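J.: The chain contents come next:
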Amino acid sequence: MAHTPTPYGMLAEFETAADVLHAAEKVRDKGYTRWDVFTPFPIHGMDQAMGLKNSKVGYFSFIGGVTGYTTGMLMIWWMNAYDYPIIIGGKPMFSPFGAFPPSYELTILLGAFGALFGMLFLNRLPRLHHPLLKNARFKLATHDRYFIAIETSDPKYSETEIRKLLESAGSKHIELVEE
Amino acid sequence: MAENANSLNVAPPPRELQREPLVANNRSIGWISDAVAGVIEGKTPKWWWWAFVPSVLLMSLLGWMILYLMVTGVGVWGLGHPVMWGWAIINFVWWIGIGHAGTLISAILFLLRQKWRTSINRAAEAMTIFAVMCAGIFPLIHIGRIWLGWWLFPIPNANGIWPQFRSPLMWDVFAVSTYFTVSLLFWYMGLIPDLAVMRDRSKTKPRKFLYGLFSLGWTGSNRHWSNYEKAYLLLAGLSTPLVLSVHSIVSLDFAVSQLPGWHTTIFPPYFVAGAIFSGFGMVMTLLVPLRTMLKLQDIITVRHIELMCKVTLATGSIVGYAYGMELFIAWYSGSPYERFAFLNRVEGPYAWGYWLMIFCNVVVPQAFWWKRIRTNMLIVFILSIFVNIGMWFERFVIVVISLHRDFLPSNWGYYAPTPIDIMTYLGTFGLFFTLFLLFLRFVPLIAIAEVKGVTPQADPHHPAGGAKGGHH
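Sequence order for the protein chains is A and B. First residue of the first sequence? That's 1 in the numbering used here, and the numbers climb one at a time after it. First residue of the second sequence? That's 1 in the numbering used here, and the numbers climb one at a time after it.
None of these hints come from the bench; they were simulated from the model. Quick caveat: nothing in here was measured; it's all calculated off a predicted structure. Please note: incorrect hints may appear among the correct ones.
[What the hints assert, rightly or not] No farther apart than 30 Å at their CA atoms in a straight line, the calculated lysine-lysine pairs in the DSS-like style are these:
{"id": "1", "chain 1": "B", "residue 1": "Lys295", "chain 2": "B", "residue 2": "Lys208"}
{"id": "2", "chain 1": "B", "residue 1": "Lys208", "chain 2": "A", "residue 2": "Lys139"}
{"id": "3", "chain 1": "B", "residue 1": "Lys205", "chain 2": "A", "residue 2": "Lys139"}
{"id": "4", "chain 1": "A", "residue 1": "Lys156", "chain 2": "A", "residue 2": "Lys91"}
{"id": "5", "chain 1": "A", "residue 1": "Lys134", "chain 2": "B", "residue 2": "Lys468"}
{"id": "6", "chain 1": "A", "residue 1": "Lys56", "chain 2": "A", "residue 2": "Lys26"}
{"id": "7", "chain 1": "A", "residue 1": "Lys172", "chain 2": "A", "residue 2": "Lys56"}
{"id": "8", "chain 1": "B", "residue 1": "Lys115", "chain 2": "A", "residue 2": "Lys139"}
{"id": "9", "chain 1": "A", "residue 1": "Lys172", "chain 2": "B", "residue 2": "Lys295"}
{"id": "10", "chain 1": "A", "residue 1": "Lys53", "chain 2": "A", "residue 2": "Lys91"}
{"id": "11", "chain 1": "A", "residue 1": "Lys156", "chain 2": "A", "residue 2": "Lys134"}
{"id": "12", "chain 1": "A", "residue 1": "Lys134", "chain 2": "B", "residue 2": "Lys115"}
{"id": "13", "chain 1": "B", "residue 1": "Lys468", "chain 2": "A", "residue 2": "Lys164"}
{"id": "14", "chain 1": "B", "residue 1": "Lys205", "chain 2": "A", "residue 2": "Lys134"}
Whole structure, please, built from the sequences with the hints as guidance.
T.: See below:
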């Protein structure tokens, strides 16, 4: 494989939460699409500043929960009332009340699986490699610095314009990151 | 940008109305990473080894006790007619109750927007997971023929018979296993950003590799945070009904039976309150010394300890109310068996256990009304141990006292544990502390990203977060 480093994008560093929030608003208003903000903790208001829509994790969790409840009820009915019914203390073979506690727990179990794995799926995680993780300064993104990266794959990508935009937004350190 | 330039010129509220900051001494965001990661990166302290070696020895004692039980039979315990549920079930309920504080802190306080939870939720969740592991051992080994433990799973046995879901014991299997799994998922999800912090700080190859692997390639991308926060909210929303249901279902193991002393409708809420009470006791037993030993007083502040004392006071009072209500209903029911069961608790052969319970759970926590006591770490630590002891005795009272006087006096007995019972219980402390000490050395014990998020520096509309006079 020929080794010709292709740029991944431009990476700009910011020092405060307010700076990166306002910079994100500017990037959003310019109409970039392949870009992201990297912060050590979620910043309140950043989703609006980036123009992100409500997360879709809820759908995964809901489907998980419904599956869990139905599985529980059907499983208990099938095991105790259909496949091998046994009379116990004169109780009905199947009662939704007796079957409720395990079904309730399964609702929560599969709902939780839906939330976690849905989140990982939407984030395309786990991934073993990311171009930014090779960058030495980017290590501060989990410490106390804030970054904005605009990828070369963005249709509006232009090195000079992005540099100007991010500098005007207050970044003191901008660099080109290689793939 | 500056159209609301005067929005920050409003005078701050008077001193007595200002809340103490969650991170003391105005520490920077970077300092939080350094302080928490420093616990892992620093040299292993001497006290850690002094705690770890005895814990491992105790844990191996647990292994030997289980082996002895398996090859000999449940007769090695003090069980015998009429008390067929003894320490195993007491210990199960006690450990699983302890776990509840972790979930309360991580889920319910999250939904209630109690930001102080961020300093203690990681350690409390770890405590939950390890406590549930200790709890899970007991029902598994008390069944006698441990090799048939798989009958609890929804798999047909050799005769094609399925487990019987009309029994609360099956509900318990689902409740406890779901509780363990969801607690683990919740804990791990909270850990992902913090493992990324550890990855980015690591200097050695194995650390870089392992923290890198378990942080799943987390970059701190806001697109990821957006999904992450939603998933966290959902998990908190799911864990809340879960934690309330788990101890309710544990209480149904007793309440669904028809034994006086067990057959009461107050059990589910009373068990949940007791579980949270005992769990906070354990969280304080662990964190009060740790905050000093690990020099984390700026993150786990005195205010945090005070708030935990208040939760303990509130739940302890609920438990006290439940004890009173139990006695009242026993009298009000008019059932002679019910009345006898409760009189027997108060003045029977095990009255010492009942009064010890009352003293530890109802009297002792009332001390937390006084701020002087809530802010004295040594006293808080000692009182928290009383809570742990008291809640163990509560389960002893429920299990043993209710069983030892059957309906007919010919079925009466007196139960005492054997040394094997005691050593098995002590062994679970070995397991718990071994896991907890390993957790302290390898995993950030405070949710770094979450604590950063509640500092003023994290707020883009606060001057400390870089807001320049105006609103954007």
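J.: Against each hint, give a clear statement of whether it holds in the structure.
T.: Here is how each hint holds up against the structure:
Using a Cα cut-off of 30 Å, the hinted pair B/Lys295 and B/Lys208 holds, with the two alpha carbons roughly 25 Å apart. The suggested pairing of B/Lys208 with A/Lys139 holds, with an alpha-carbon distance near 12 Å, which does not exceed 30 Å. Proximity of B/Lys205 to A/Lys139 is assessed by CA-CA distance (about 16 Å); at most 30 Å being required, the pair is judged to hold. In summary, the hint linking A/Lys156 to A/Lys91 is not supported, as the alpha carbons are separated by about 70 Å, beyond the 30 Å threshold.
For a cut-off of 30 Å, the pair hint linking A/Lys134 to B/Lys468 is broken: about 33 Å separates their Cα positions. With a CA separation close to 25 Å, the supplied pair A/Lys56 and A/Lys26 stays within the 30 Å bound. Among the hinted pairs, A/Lys172 with A/Lys56 is inconsistent with the structure: their alpha-carbon atoms are about 35 Å apart, more than 30 Å. Only pairs whose Cα atoms come within 30 Å are accepted, and B/Lys115 paired with A/Lys139 is accepted, the gap being roughly 27 Å.
Between the alpha carbons of A/Lys172 and B/Lys295 the distance comes to roughly 35 Å, so the proposed pair goes past 30 Å and is violated. As the CA atoms of A/Lys53 and A/Lys91 are separated by approximately 51 Å, the hinted pair breaks the 30 Å bound. With a C-alpha separation of about 25 Å, the suggested pairing of A/Lys156 with A/Lys134 holds against the 30 Å cut-off. As the CA atoms of A/Lys134 and B/Lys115 are separated by approximately 34 Å, the hinted pair breaks the 30 Å bound.
For the hint linking B/Lys468 to A/Lys164, the alpha-carbon distance of about 22 Å falls within 30 Å, and the restraint holds. A threshold of 30 Å between alpha carbons decides the hint, and for B/Lys205 with A/Lys134 the separation of about 15 Å falls inside it, so the pair holds.
Hints 4, 5, 7, 9, 10 and 12 from the list above are not met by this structure, while the remaining hints are.
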